[in-house]
Every structure is written in C-alpha cells, then in structure tokens.
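Engineer: One-letter residues, chain by chain:
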Amino acid sequence: AQTVTQSQPEMSVQEAETVTLSCTYDTSESNYYLFWYKQPPSRQMILVIRQEAYKQQNATENRFSVNFQKAAKSFSLKISDSQLGDTAMYFCAFIGAAGNKLTFGGGTRVLVKP
Amino acid sequence: DTAVSQTPKYLVTQMGNDKSIKCEQNLGHDTMYWYKQDSKKFLKIMFSYNNKELIINETVPNRFSPKSPDKAHLNLHINSLELGDSAVYFCASSPWGPSYNEQFFGPGTRLTVL
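Heads up: the sequence lines are chains B and G, in that order.
Quick note on numbering: the numbering used here labels position 24 of the first sequence as 5, and the sequence is numbered without any gaps.
Count along the second sequence from 1, add 70, and you get the number used in the numbering used here.
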C-alpha cells in the first residue's frame, strides 16, 4: 500500500517570502502521479500542481513549483512570493498509474503573515 | 455554475439516526468518489463509482452505503450514526482514464453527530 508523509504540521511565512513544504511517499510502483492540493478556510479542495513520475522536469504553475526526486521518493512544494491568500492547508497526494484512488498525506498548515 | 455540488453543507443529528448526503456533478465525468476528512484533517477515500458501478470500496462500516442512480449523482447514506462518524465528507469527480486526471471536489458536508 502507498503511504504519503508530510512531516511539517504547520509553517508560517512572511508575505512575499518563499516557503517550502516537504512530502515523502512510499510505493513499489514505477509509474504514478503526484499532486499538491490546497484547502483554504472555505474548505474547498483546489488542485495546485501535479507531477507525472516519468517526467524528469519539475512542474511549475505560476508561483508554485515542485522539486521531484524520484529516487528519494520526495515531492516538495515551493511557494514563491507568498500572498495572504495562500494561507491554507496543503495536502500532498499520490495516485498509481493504474488506479484512481488518491492517497493523501496528513497536510501542512501554512500561515502567511502580513 | 457549480461543478460538484453537495447537499447539505452542514448536518447535525443525533446518534442512531439515518442520514443521506447528496452529490451531483455537471462536468460530464464518469467517475465519482466519496472521501472522509476527520477532525485532524486526514483525508481518506471511502468509495468510488465509475458509470454507476462500484470500483473502490475501502474498509468502511456496512452502515455506509453509496448509491449512484446515474453517472452524474453519487449519494451517501449512513445508517445508525455514531459519534465517530462526525467528519467532513467530500464528493469528487474525474474523467475515467489516466489517473493524472484532476479530481474535482465538492464543497464538503460537515456532519456532526451528537
């Protein structure tokens, strides 16, 4: 079974600064996909970024980028130029290529301070 | 237009009651899911349906019964509610196919069992 671990329960960052959230996972599959979801206080789950395991290039979406280290089974999220609206829970998630079951990490609460 | 909607958004009920949560998606997706988010924010899949057929059934008590009348709807019925059922329940949908497809989440239903 796959497991996803987020070791930082909470992080705070000053507005306009950069914060990096860590995520590690365990799987025996060779092909899979990784996601970061954001859950603001509104509770809505929003996809931030996704990475395909067979792609070596790290995914980027505007101020969000990942550092995907397949051998280390690590998938960190960097938020650059943090904004107040980035305050949320962030969840790392894994899905095998043949499946459709998302396995989530425990989440990291990010607080952006003005 | 709401892509994935759930009703109700809040549900407060007594132990032992039976309740239902409804989910509808207007995205034309074939696959729908139910996730449970506990008080520690941990998210776990419960069920998944593809085109009205059950394809994922995690270790969930028999008191939980999903029903999919058509591929746009996936309802969750819970019998004999217990205190431990208190959680936020999320419905999600995605296209059937490669698992990198984004899962779109509904706004969640906060269930409180007294």
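Treat the hints with care, as some may be off.
[What the hints assert, rightly or not] Think about it this way: if two alpha-carbon atoms lie no more than 20 angstroms apart in a straight line, the pair counts; the simulated EDC-like pairs of lysine to aspartate or glutamate are:
#1 Lys122(G) / Asp155(G)
#2 Lys106(G) / Glu94(G)
#3 Lys82(B) / Glu152(G)
#4 Lys36(B) / Asp7(B)
#5 Lys141(G) / Glu94(G)
#6 Lys79(G) / Asp108(G)
#7 Lys82(B) / Glu128(G)
#8 Lys111(G) / Glu(-9)(B)
#9 Lys114(G) / Glu(-4)(B)
#10 Lys110(G) / Glu10(B)
#11 Lys36(B) / Glu152(G)
#12 Lys82(B) / Asp108(G)
#13 Lys106(G) / Asp155(G)
#14 Lys111(G) / Asp140(G)
#15 Lys36(B) / Glu123(G)
#16 Lys114(G) / Glu152(G)
#17 Lys82(B) / Glu123(G)
Just so you know, the hints here were simulated from the structure itself, not pulled from any lab data.
Engineer: Does Asp108(G) lie within 20 angstroms of Lys79(G) when you go C-alpha to C-alpha?
Structural biologist: holds (16 angstroms)
Engineer: Lys111(G) and Glu(-9)(B): Cα distance at most 20 angstroms?
Structural biologist: Given pair Lys111(G), Glu(-9)(B) holds - Cα atoms ~13 angstroms apart, limit 20 angstroms.
Engineer: Under the criterion that the straight-line Cα-Cα distance not exceed 20 angstroms, is the pair Lys82(B), Glu152(G) satisfied?
Structural biologist: violated (26 angstroms)
Engineer: Lys36(B) and Glu152(G): Cα distance at most 20 angstroms?
Structural biologist: At roughly 45 angstroms apart (the allowed maximum being 20 angstroms), Glu152(G) and Lys36(B) break the hint.
Engineer: Measure nothing beyond the straight line between the CA atoms of Lys106(G) and Glu94(G); if it is 20 angstroms or shorter, mark the hint as holding.
Structural biologist: holds (17 angstroms)
Engineer: Quickly compare the C-alpha distance for Lys106(G) and Asp155(G) to 20 angstroms and report which way the hint goes.
Structural biologist: holds (9 angstroms)
Engineer: Assess, step by step, whether the Cα of Lys114(G) is no farther than 20 angstroms from the Cα of Glu(-4)(B), and give holds or violated.
Structural biologist: Cα-Cα ~32 angstroms, so violated.
Engineer: For the pair supplied as a hint, Lys141(G) and Glu94(G), confirm whether the alpha-carbon distance does not exceed 20 angstroms.
Structural biologist: Holds, because 9 angstroms separates the two Cα atoms, which is no more than 20 angstroms.
Engineer: Against the 20 angstroms threshold, does the CA-CA distance of Lys122(G) and Asp155(G) hold or violate the hint?
Structural biologist: violated (25 angstroms)
Engineer: Take the C-alpha atoms of Lys111(G) and Asp140(G), compute the straight-line distance between them, and say whether it is at most 20 angstroms.
Structural biologist: violated (30 angstroms)
Engineer: Check the hint pairing Lys82(B) with Asp108(G) against an upper bound of 20 angstroms on the C-alpha distance.
Structural biologist: holds (18 angstroms)
Engineer: Would the hint linking Lys36(B) and Glu123(G) be met if the CA-CA limit is 20 angstroms?
Structural biologist: Status violated; Cα separation ~32 angstroms.
Of the numbered hints given earlier, the model fails hints 1, 3, 9, 10, 11, 14 and 15; all others are met.
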